[in-house]
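Given next are the chains, with one letter for each unit.
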Amino acid sequence: MSMNSGHRQLLLLFSLVLLHVFMVVPGFFAPYDYSEQNRELPFSPPTRLHFIDSAGRFHLMPFIHPFRASEDGSAPYVEDQARAYPLHLLKDGAPYRVLGLWTARLHLFGVEQPGRIFLFGTDDFGRDELSRMLFGGRISLLAGILGAAMAIFAGTVLGVLSGFYGGWLDGLIMRTAELFLALPWLYLLFAVRAILPLHIKTTQTLLLLITVVGLVGWARPGRLVRGIVLSAKERNFALAAKAMGASNFHVLRWHILPGTYGVLLTTAALLVPQFILAEVTLSFLGLGVGEPVPSWGSLLAELQNYSVLTSYWWMYLPACSLIVLFLTYHWASTTLQDKVAEVRS
Amino acid sequence: MKATATRYRFWKWALLVLAALAGNMGPTAAAGPQDYAKSGGETGEPGGKLVVALRSEPKTLNPILSVDVTSREVIGVLNADLIHINRETQRTEPALAKSWTISADGTKYVLQLRREIKFSDGAPFTANDVVFSFELYLDEKLHSPQRDLLAIDDKPIVVKKLSDYSVEFDLAKPYGPAERLFDGLAILPSHLLEKPYHDGKLQQSWSTSARPEEFAGLGPFKLSSYVPGQQMTLQRNPYYWKKDPRGNSLPYLAAVTFLFVPTEDAQVIKFQSGETHLLERLNADNFTLLQRGATAKGQCLQDLGPGLEFQFLVFNQNHLDSGKAPDLVAKQSWFRDLKFREAVSLAMDRKGMARLVYSGRATPIWGNVTPGNKLWLDPNLPHPERSIEEARKILQSGGYSWNSGGTLLDPQKRPVTFTIMVSSSNVQRSKLATLAQDDLKQLGMDVQVVPMEFRALVDRLLNTKDYEAVLMNLVNGDVDPTPEMNLWLSSGETHLWDLGEAHPATPWEAELDHLMEAQMTTNDPAARRKLYYRVQEIVAQNLPFIFLVSPNILVAAQSTVGNFHPAILEPYVLWNADELFVGRAGAAKCQ
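Note that the protein sequences, when read in sequence, are chains A and B. Numbers 2 to 346, taken from this note's numbering, label the letters of the first sequence in order. Numbers 21 to 611, taken from this note's numbering, label the letters of the second sequence in order.
Think of the hints as simulated: they come from the structure by calculation, not from any bench. Model, not experiment: these values are computed from the prediction.
The calculated label-pair distances, taken between Cβ atoms and stated as ranges, are:
no., chain 1, residue 1, chain 2, residue 2, range
1, A, W332, B, L340, 54 to 60 Å
2, A, P115, B, P346, 44 to 50 Å
3, A, L102, B, A286, 44 to 50 Å
4, B, G294, A, D93, 54 to 60 Å
5, A, S71, B, E537, 51 to 57 Å
6, A, L12, B, D466, 41 to 47 Å
7, A, L102, B, G426, 17 to 23 Å
8, B, K609, A, L328, 51 to 57 Å
9, A, R176, B, R434, 50 to 56 Å
10, B, R434, A, L189, 32 to 38 Å
11, A, P115, B, V247, 56 to 62 Å
12, B, C610, A, P185, 45 to 51 Å
13, B, D466, A, C321, 30 to 36 Å
14, B, D466, A, L102, 19 to 25 Å
For every residue, glycine included, the Cβ atom is placed at its ideal position computed from N, Cα and C.
With the hints as constraints, model all of the structure from the sequences given.
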């Protein structure tokens, strides 16, 4: 497939924005609330969309047959052909909050009650996996962006100080960076979790832990920024500005920092998935958000169970969507890198 | 009783199976002229090798010091006791003692020992070994977990040697469970352990790092080799004291190998690939998974029905210093409110729990005695159906109300919100907590589930008492109520909802104290049953625990394992290790 670089960048931008829009208003795209249980439908496979009914008529708007427990035991569920529910677009359903500001009830799609549509199947409590995945992305992306922002912010401040002023400050900051690189952060997190009181909401705990991971992770971006600052401050434009009487702050703000933007953007594109993975790891270790709030980490943690791993293929879907997201980020980081190289040359 | 969050079980002393079954009182005799015991199983093929996976490594092989389940399981096949509880019939049977008599007042037991039988190193077994073993169990300096159970009414049992083959035990008071007392108390070789004991080195003896020659036991197997982190191999004890009905020496197996496999999933995979022969403690998901391939492979999968384990929710009613934990102390006004606990209990979807968490392989329960314990279960205990409406009415009558958002407010108009602590390593229990959370949401309670590492959880539960509610389990080691003394006595060390009460905090707790003590020192089985039924009634009425479900015992064996008779008493599958054999395919008979 040939695509010129302008188109490619547009497509990239579009997919990144789309992925994040899903996460900003998951309630709109999700047909149900993430915690709504259907205790009679645990581990239901994805609902099938039908376009042609039993009489052979074609329907433009697909319809579904609800699942019911099978009587002969050959499969856990069978489609109840006697009942059909057409899919509705822009349908009212469970209330959700938009950006924590106002409550809405409108969903992108849905079916009439008592019909149920589970496009990604259900989990062990009969909760809609698609809704959980969309809502889970909220926590995971927030963790990723928050962690990356923390690491980049702390890294930039310390890297600039280190590179620009040099001397003993540089030595101190860089030795501390080495110390942080060698720190076993997992044990640090266990220690932080152990001293927190029980009643702190687990979502808050997770964000706190991610902040800690982010702050601990300042060393790599810090080193990068220091390198750039070191070389930039010796370059002619910086020296010229200094010679014309510009203050240190002015030189930093207008002549040196802009040189780091490209690298920082690339680092961010690399760090966000890394911190999403950190959230996944934390959930695996039971340090993540607690039930019933979903996160991609906790959705994946269910696959740790051997019987789930071998019996219910739709439980892999969160993992697949993680791969798509990571690839998009990876694509973004390589494109940015090319761009930075282009501008530099 | 014990908690089974994965590997660790913390009520060590209470967990020992020392209790009695009604109907076994008075002089009993199972005497026979021969000194070999006869087994009742099917005649097996000698020489097979059995491989079993253990969740963890045994921490010690010293019966005096062992507290963890894995150590006890291995020790169980290396040693023998005087009188044994048959796990299948749940009744006592002669072991090293071939017969016994109990005096009319129930305080004096005389045991006749088998003659001319030998330890696994060939040394003879006599009354000296029995007296020596009990000396160790009763020695305060050794802190044996069994000591508490050998002190009836705080007075230790007195053991006297009458002759080389008879021993007398004197009790301060009659003991309800009678000769069940002797089950699980391994008899140790005085010729090997007397010296280390007198040198004060017994605690270092028989650790897992000791050489196989340092051990000798009266069990069907003896230690052959141990590779830390991998496996432990036992070989047949040629001097074992049981024979099959045809006169062949037991055990049939030439060797037993324990592999250390830390997770259940890994154990299932090893079983599927045929590397191990037996599986105990299967969860329902894995059981269903194995069932799919079982018919093709001829594996025998058995659902033994409800065991003696129960899952429950308990609220923190400990008397705490209000200065230190003001929030918690304020919430305790709900936890101590019977109406609050009644409403919580009524809101629990026990059937849903059994279905969703255990694939239906569990039974809803409303009391501490599980349906697996048919002898002691009070059949008249009420089973109130789940009703959110009823629960709301009860809360309303207790002064609770709801705000416009549906949040439950207590009589002081504070929103009702609390946390449920749960072991993070136990998948089933985490799921139960999630369901309970959703059930309580329907009453307007804002509940948070806090998964916690098991040791941290136990520390909060027993030491710091810094928690609001906890969802956990207990397993009775025996059907008899006596091992529950520690749980129901107000001074008991596992009186979980309010630990270490100086005086019973409520009249019903005082009545529990009285009833439990009376049943322990009563000889009449009918009277004991009546007392224990009343205990169950009080517990069900006052709900110190919100009982949820009792999971079924699920086990599996390869088709080649013969005499496979799993039982709901621990050890579920290895209790008859002396009769098990590995033979032709189809040896395992699935009931």
